[in-house]
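Take any residue in the sequence shown, count from 1 to its spot, add 14: that is its number in my numbering.
No lab work stands behind these hints: they were computed from the structure. Where hints are given, some of them may not hold.
[Stated by the list, open to error] Only pairs whose alpha carbons sit at most 27 Å apart, straight line, appear in this in silico DSS-like list of lysine-lysine: (1) K150 with K253; (2) K161 with K92; (3) K150 with K161.
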Amino acid sequence: MDFFQAFFLGLLQGLTEFLPISSSAHLILTPAFFGWTDQGVGFDLSVHLGTLLAVVLYFREDVFGIARDGLISLGRRKVIGQGALALYLVIGTIPAGLAGLALLDLIDSSLRAVEVIFTTTLVFGILLGIADLLPKRQRTLDSLNWKDALMVGIAQAMALVPGTSRSGVTITAGLFLGMSRETASRFSFLLAIPIIVLASSVKLLEVATSDVVVDWSGFLIGGVTSFLMAITAIHFFLKWLNTVGMWPYVIYRILLAGVIYAVLM
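Could you put together the complete structure from these sequences and hints?
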């Protein structure tokens, strides 16, 4: 992997991981467009670590408070501070964790097809647009309950299919549940932390237990680039959230589906 390829894919992963446009679709489609070879599990690990560090650093005060109150609540066996939110993040992570264990081989073998990505890019993009048009989206993080967390978690599990977009489908679920754009987005970003930790752990185990040769220069370039791009994307996404809404991403997904159909199908 040369410098440009590592830089470009790191940039792409950082930008698309937290925007509702599907990072997996872009990382699968880009090599197909340019004729590049697969970037390999070592590079995938580096960009996942980069985006993980970005979201943890950006929400460091929330992460510290949720982790602290969650541990205190567990020790005292009653909800303290943000202990409930810590529980909801665990509940929201379980469906994707179980689905990943059960369907990983199917996803890698059958669901990375261009036809699948075209369909999920288009369909889930339209659903995001519909959800953004719904009235009475005023619920805050304080109003969430375990049922909300489970529903968003089930939606997150659907994002194992490339093209769906983890952030896109969890924000869509949140909007359908009456959350404000900010609430749905913040819960989606916080929910990204445990699932990226799980995904990174799987890739780290694969690297450690196989004969995979890691391109350390590509690893470093991809990780640093994805970190810088991800933290920038999160900041401006939240800053412009109430001004631009979700429709720019909906339109982008529809256009992307058109390009996929015209060029790759």
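Which earlier hints turn out false for this structure, listed by number in ascending order?
none
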